[in-house]
Each structure stands twice: as C-alpha cells, then as structure tokens.
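Going down the list, the protein sequences come from chains A and B. Each residue of the first sequence is one higher than the last, beginning at 754 in my numbering. Each residue of the second sequence is one higher than the last, beginning at 3 in my numbering.
It is possible that some hints are incorrect.
[As the list claims (entries may be wrong)] With a cut-off of at most 25 Å between alpha-carbon atoms, the simulated SDA-like pairs for lysine to any residue come out as follows:
1) 821/A with 26/B
2) 821/A with 87/B
3) 821/A with 221/B
[To be verified] Some chain A residues judged to face chain B by a derived CB distance under 7 Å, without partners named:
4) 865
5) 867
6) 872
7) 900
8) 905
These aren't lab readings, by the way, just hints derived from the structure by calculation. Quantities reported herein were computed from a predicted structural model and do not represent experimental measurements. All C-beta atoms in this analysis are idealised placements derived from N, C-alpha and C, irrespective of residue type, glycine included.
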Amino acid sequence: MKRAFPILAVLTALLLTYSTYQALVVAPTERTMGDVQRIFYYHVPSAWTAFCLFFVNLIASLTYLLRKSSKADALAVAAAEVGVVFCTIVLITGPIWARPVWGIWWTWDLRLTLTLVLWLIYVSYLVLRRFSDSSQTPKLAAVLAIFGALDVPLVYFSIWFFRTQHPQPVIGNGGSLDPRMLHAFLINLFAFSCFGAMVCWWRYRLELLHREVEEMESLESLRGVTQ
Amino acid sequence: MSLLRSITLATLTKDIRLEWRSRDAINSMLFFSLLVVVIFSFSFDPNAEESREIAGGLIWVAFLFAAVVALNQTWARELRNQVLDAYRASPAPANALFVAKALGNFILVSLLEAVMAPLFMIFYNLRALGPAWQLIPVAILGTWALVVNGTFFAAMSLRTRSREIMLPLLLFPISIPAVQSMVEATRILLAGDGSARFWIVLLLTYDVVFTTACLALFETILQAE
Numbered sequence: 754m755k756r757a758f759p760i761l762a763v764l765t766a767l768l769l770t771y772s773t774y775q776a777l778v779v780a781p782t783e784r785t786m787g788d789v790q791r792i793f794y795y796h797v798p799s800a801w802t803a804f805c806l807f808f809v810n811l812i813a814s815l816t817y818l819l820r821k822s823s824k825a826d827a828l829a830v831a832a833a834e835v836g837v838v839f840c841t842i843v844l845i846t847g848p849i850w851a852r853p854v855w856g857i858w859w860t861w862d863l864r865l866t867l868t869l870v871l872w873l874i875y876v877s878y879l880v881l882r883r884f885s886d887s888s889q890t891p892k893l894a895a896v897l898a899i900f901g902a903l904d905v906p907l908v909y910f911s912i913w914f915f916r917t918q919h920p921q922p923v924i925g926n927g928g929s930l931d932p933r934m935l936h937a938f939l940i941n942l943f944a945f946s947c948f949g950a951m952v953c954w955w956r957y958r959l960e961l962l963h964r965e966v967e968e969m970e971s972l973e974s975l976r977g978v979t980q
Numbered sequence: 003m004s005l006l007r008s009i010t011l012a013t014l015t016k017d018i019r020l021e022w023r024s025r026d027a028i029n030s031m032l033f034f035s036l037l038v039v040v041i042f043s044f045s046f047d048p049n050a051e052e053s054r055e056i057a058g059g060l061i062w063v064a065f066l067f068a069a070v071v072a073l074n075q076t077w078a079r080e081l082r083n084q085v086l087d088a089y090r091a092s093p094a095p096a097n098a099l100f101v102a103k104a105l106g107n108f109i110l111v112s113l114l115e116a117v118m119a120p121l122f123m124i125f126y127n128l129r130a131l132g133p134a135w136q137l138i139p140v141a142i143l144g145t146w147a148l149v150v151n152g153t154f155f156a157a158m159s160l161r162t163r164s165r166e167i168m169l170p171l172l173l174f175p176i177s178i179p180a181v182q183s184m185v186e187a188t189r190i191l192l193a194g195d196g197s198a199r200f201w202i203v204l205l206l207t208y209d210v211v212f213t214t215a216c217l218a219l220f221e222t223i224l225q226a227e
C-alpha cells in the first residue's frame, strides 16, 4: 500500500494538469458569462468531492459506533478535515462567480444555504474533536456526525419551503451544452475526486502514524514510571 | 416501564426541588433574557410597523440564548459529588436520567417564556393578526426542539475542555432548521399572512427525529468517560 501512494500521487498530478488544460484552454468560452464561467470546472467538482467525503465520514462514524475500530475513526477524522477544506473552496469560488453573473456575492438559495449549514456542522465537528482530549473523543464525534446527518434533510426541507415563498435567482440556464465543455467538466470531476481521495488517504495514514507515536510515547513513559 | 417512570420522576422532582430552593438558573435566565430584549429594543426600533415582521426572530433568539444559560447548568450539579459516576454504576436505565433532565429544562424554559413573552408583546406593541392559539403548539414544539438537543449536547460537552463555550458551538448548527421553523411560524402568525402549518409539521418532525436519536444514543454518551 505504501508503494502505491507515490504512483497514485503522480497519476493524480498528471490528471490534474490535463484537466486544468482542458478547463482553461480547450473548453470554449461561455457566450453570456464569459471566462468567469470556467470556475465551474473547479467549483462543482469540489462540491462533489466535499459531499462524498462527508458521506465517507458518516459511514466511518457509524462503523466506529458499531465495531469500535480505531481505523474507522481515523478515516472519519481524515474525511471530515479534507471535506471541510473542499467545502471551503466551494464557498469561496461560488461568490467569485456569482458577483459578475448574478450581481450579488451571496443569496440565501437552497444549494448555497445547504452547503453553508453543512460546512458549519462539520466545523463544529472538528471543534469538538479539538476541544475534547479524552479517549472518548471518537465516540462523541461519531455521535455528532450522526446528528449532523439527521439534520441535513430537515435543513433541506426548511430552505426548500422558504425558497418557494421568496423567489431567488435561478441556477442552470437550460440550452445545449458544448460537448467540449461537458468533457472538460467530467475530466475535472474525475481529477478532483482522485485528488480528494488521495489527500484523504494521506491524512488517514498520517492520523494512524500519529496514534502509533502517541501509544509508543505513553508506553515509554509508563516504563519510566515502573523502573 | 414503571422503573423507568419512577426514576424519571424521582430525578425530575429532585431537580425541581433543588431549583426551587436556589432559583439560580431561572433567575439568571430571566435577567439575561430581559437584558437581551432591552438591547434588541435599542438596536431595532420597536415602534416601527416592521416590528411584527422581525419580532418572531428576536423573541426566539432571546430564548435560544437564555436556554443555553440553563442548559449549561444541567449536568454541573451531578458532577460535583460524582453523582454521575454513581448513576453510571447503578442499574438504572440511562434514558430515565436523560428524560428527567430534558423535562426539567423544558419546564424551566417554558416558565421563562411564559414570563418573557407578555413582556415582549408590551415592549414591541405586538398583536397577533393570525390565529394566535397556534403560537402555543409552536412554543411547545420549539422549546422541546431546543431543550432535547441542548440537554444531549450539554452531556456531550461535559467531556471537553471549556465546556461552557462548547455547548452553543455544537447546538446552534444542528438547531438551524428548528430555529428557522419557530421564527417563520411566529412571524406568519403575528403578521397573519398565510398558514404556518408547514413550519409546525417541520418542527414536529424535527422533535420526533432528534428525540429518537437522543434516546438511542444517550447510553453511549453517558458511558463515555
């Protein structure tokens, strides 16, 4: 597994280079929005990666509660941290696009609000992990992850109903999509998924090593006490 | 079932009696929410016609902040003489303790609302234009939504550093849909535009989902040490 990592990293780097070339050079410029539309090739794949990672976090948290495996917890930490980073990218690139196109930085639209609330929930998850230093942190964090997951559909419905009362700018403009645009988008989606998975895997291994070191240190100090 | 009920009742009466004798939580909550209401009155012109539009938000935010004051003290009493450890060692079901604590907080926050809501009405010259009786289910469901998760997260933050600040950090993100429902329902009922049914149903769903989740997971949290 350790050997596989550099190969995967090189492949991901190549893929990202290719996808960037596709997004910035090959894909045609959008007629009404202009070049700023190209941010979509990064914005949407980041969102997709973030949501996938949050889902991985939920599955890992459930696994931890059922099996009590330390590896599942390490995966949950890694997925949540990397997910928050990607979610932050989404929340930053969104307004950059929205300002010239919609004329506003932010609107309380369904997708925007849902992403923001999800980001808030996962930041609170990371804060909990940070502030809790007992050996029970994984258990508390896993429970919070489940609460967060239960919250998402409720947030969805509350904003969905709110939105039907207050019309908002519409995303998605119909019409036909240039095949080169679709190609660039799909390549970027794939590249970002690989990138997210790679970073998450790296963070997961780091977390395992970190725990190993901690365990050895506590054993060491215990030995010091007994001598 | 009778064991569950008797333990719940015993814990609840004990908490209420302690609170009745000291009146620590209720007094600090009342004064705190009074301060919030007064500060809001200075920040937003309470005599404006729009006050009906924003009052729902103000009143619930004031209650949310005040509830955190009470929720933070929920478990502190049990920590002092290792009561929680004794409880953990006893064969009493964990959920009885949770239900008792949640009900205790519910009574406390309801009491606060009963005192503060009329005051709020006076300060902001409010008069409900919609069906006012619907404010009662909104208040009951909304208070339970805050209290059930608040009691749970307060138990969770016992294991963390600086636990007083931890509770709102955990509680607020999860409470966003509940707060939005309470605020919207109250606004609709005060301004009398449309029906608040969707928001009441959403609050009910929130309550059912999270009460179930709390009861299912509280044992895990209580035993985590």
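Comparing the hints with the structure gives:
1. A distance of roughly 40 Å separates the Cα atoms of residue 821/A and residue 26/B; the hinted pair therefore is violated under the 25 Å criterion.
2. For a cut-off of 25 Å, the pair hint linking residue 821/A to residue 87/B stands: about 23 Å separates their Cα positions.
3. Taking the CA atoms of residue 821/A and residue 221/B, the gap is about 15 Å. The hint holds against a cut of 25 Å.
4. Taking 7 Å as the C-beta contact cut-off toward chain B, the hint placing residue 865/A at the interface is violated, the least distance being around 14 Å.
5. At about 10 Å, the closest approach between the beta carbon of residue 867/A and any beta carbon in chain B exceeds 7 Å, and the interface hint on this residue is violated.
6. Hint status for residue 872/A relative to chain B: violated, with the closest Cβ pair at about 9 Å, above 7 Å.
7. Satisfaction of the interface hint for residue 900/A is found here, the shortest Cβ-Cβ separation to chain B being roughly 6 Å, below the 7 Å cut-off.
8. A hinted interface residue such as residue 905/A counts as satisfied when its beta carbon comes closer than 7 Å to some beta carbon of chain B; here the least separation is about 9 Å, so the hint is violated.
The earlier numbered hints that this structure contradicts are 1, 4, 5, 6 and 8.
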